[in-house]
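> Spelled out, the chains give:
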Amino acid sequence: MTIELKEKPPLGRVIVITSGKGGVGKTTSAAAISAGLAKQGFRTVVIDFDVGLRNLDMTMGCERRVVFDFINVIQGDARLKQAMIRDKRLDNLFILPTSQTRDKNALTKEGVEKVLDDLKQEFDYIVCDSPAGIEHGAQMAMFFADEAVVVTNPEVSSVRDSDRVLGLLSSQTKRAETADAEPVKAQVLLTRHDPARVRSGEMMTVEDVLEILAVPLLGVIPESPAILRASNIGTPVVLDEPSVARRAYEDAVRRLTGTEVEMRIEGEHRPKLFQRLFGRAS
Amino acid sequence: MSLFSFARKARRPRSAQTAKDRLQILLAHERSGGGVEKTDYLPLLQRDIVAAIRKYVAITENDVEIRMERGDQMSSLEINIEMPRGAPR
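The listed protein sequences derive, respectively, from chains A and B.
At position 264 of the first sequence (counting the first as 1) the number is 264 in full-length UniProt numbering, and the numbers step up by one without a gap.
At position 9 of the second sequence (counting the first as 1) the number is 9 in full-length UniProt numbering, and the numbers step up by one without a gap.
Watch out, some of these pointers could steer you wrong.
Below, simulated EDC-like cross-link-like pairs (lysine to aspartate or glutamate); rule was C-alpha separation at most 16 Å, straight line [stated by the list, open to error]: (1) 81(A) to 63(B); (2) 81(A) to 117(A); (3) 120(A) to 147(A); (4) 81(A) to 118(A); (5) 81(A) to 61(B); (6) 88(A) to 69(B); (7) 39(A) to 241(A); (8) 81(A) to 65(B); (9) 109(A) to 135(A); (10) 174(A) to 117(A); (11) 174(A) to 146(A); (12) 81(A) to 82(B); (13) 21(A) to 163(A); (14) 174(A) to 147(A); (15) 174(A) to 110(A).
Derived from the structure by calculation, the hints contain no laboratory data.
Let the sequences and hints guide you as you build the complete structure.
Written as structure tokens, this is what we have:
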């Protein structure tokens, strides 16, 4: 894949992928968004904050190449450059895996800040994959964020937890604690959306969810077999074969980088011909 | 069209098999402690290697690069040491 690398200086933007609730697609989204940013030419690193339950390495397909981790770097046992794993598909994409053994208190605020500050010198985007919940690991993942992607399913407990997380983003972050800093820019990424079930009234609409959460929408990712396939083979969705999910993530990434993209809400079982003819415009 | 749908069908189960294979390799290491506790020796190993080489050549920790590739039968540990241009000290 040929990629035109963006010239310096690095943007140094920190984006947290969070949700409160588990299993809604944080790691899938962190992998897809970071790969999508790298595909656009941005120097990107994605960090796993889920200490003890490392999984970003599997989703990115580099689980066999982990030597050092984020905690080793924080504790001074390894240098950042040694711990970062360069993606085999995109050479401007790096993965910083977490520790499978240490306990999450090894993530100190000072340690995390130091690593993020070092990464800001070299990367355009630093994507932080938060663990589920709102405990220490999740707090550390969001604390230094400039932007937040709140991954939400159109389902009651997920929306409720997202609302809780949005509250934390506006109170328990460095930006919230710093006088006259702009607040964390939070956006909702609606995942596992099924237009057929929305049409039949079984699933909340995008508008329903946005009305409750009252934050901007980054994108709508349809329920799609492409997600499981990508996870099976250890490839971010945007680097796998074309699918509606891949396209939805690509659109979301373009919005994240400031491009206006029309919001299209697709399902996997839409008429294929119609999609082929009109769906790819814009 | 029938050929196309055959190809699609044949592709699907392959990703499930890939998932299973990846998990088996990874979990074999993790359960034996090979992927978990044992890799914690790597920072120490690196320190020892640097110390040993420093007896003869002036290198820093930045000159050492450690890579690992885990396989189901065997894993390989690759250690690259960048030697400074000058002669031994």
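> For every hint, state whether the structure bears it out.
Checked hints:
no. : hint             : result
1   : 81(A) to 63(B)   : holds (11 Å)
2   : 81(A) to 117(A)  : holds (14 Å)
3   : 120(A) to 147(A) : holds (14 Å)
4   : 81(A) to 118(A)  : holds (10 Å)
5   : 81(A) to 61(B)   : holds (11 Å)
6   : 88(A) to 69(B)   : holds (13 Å)
7   : 39(A) to 241(A)  : holds (14 Å)
8   : 81(A) to 65(B)   : holds (9 Å)
9   : 109(A) to 135(A) : holds (13 Å)
10  : 174(A) to 117(A) : holds (13 Å)
11  : 174(A) to 146(A) : holds (9 Å)
12  : 81(A) to 82(B)   : holds (15 Å)
13  : 21(A) to 163(A)  : holds (11 Å)
14  : 174(A) to 147(A) : holds (12 Å)
15  : 174(A) to 110(A) : holds (12 Å)
Comparing the model with each earlier hint shows no violations; every hint is respected.
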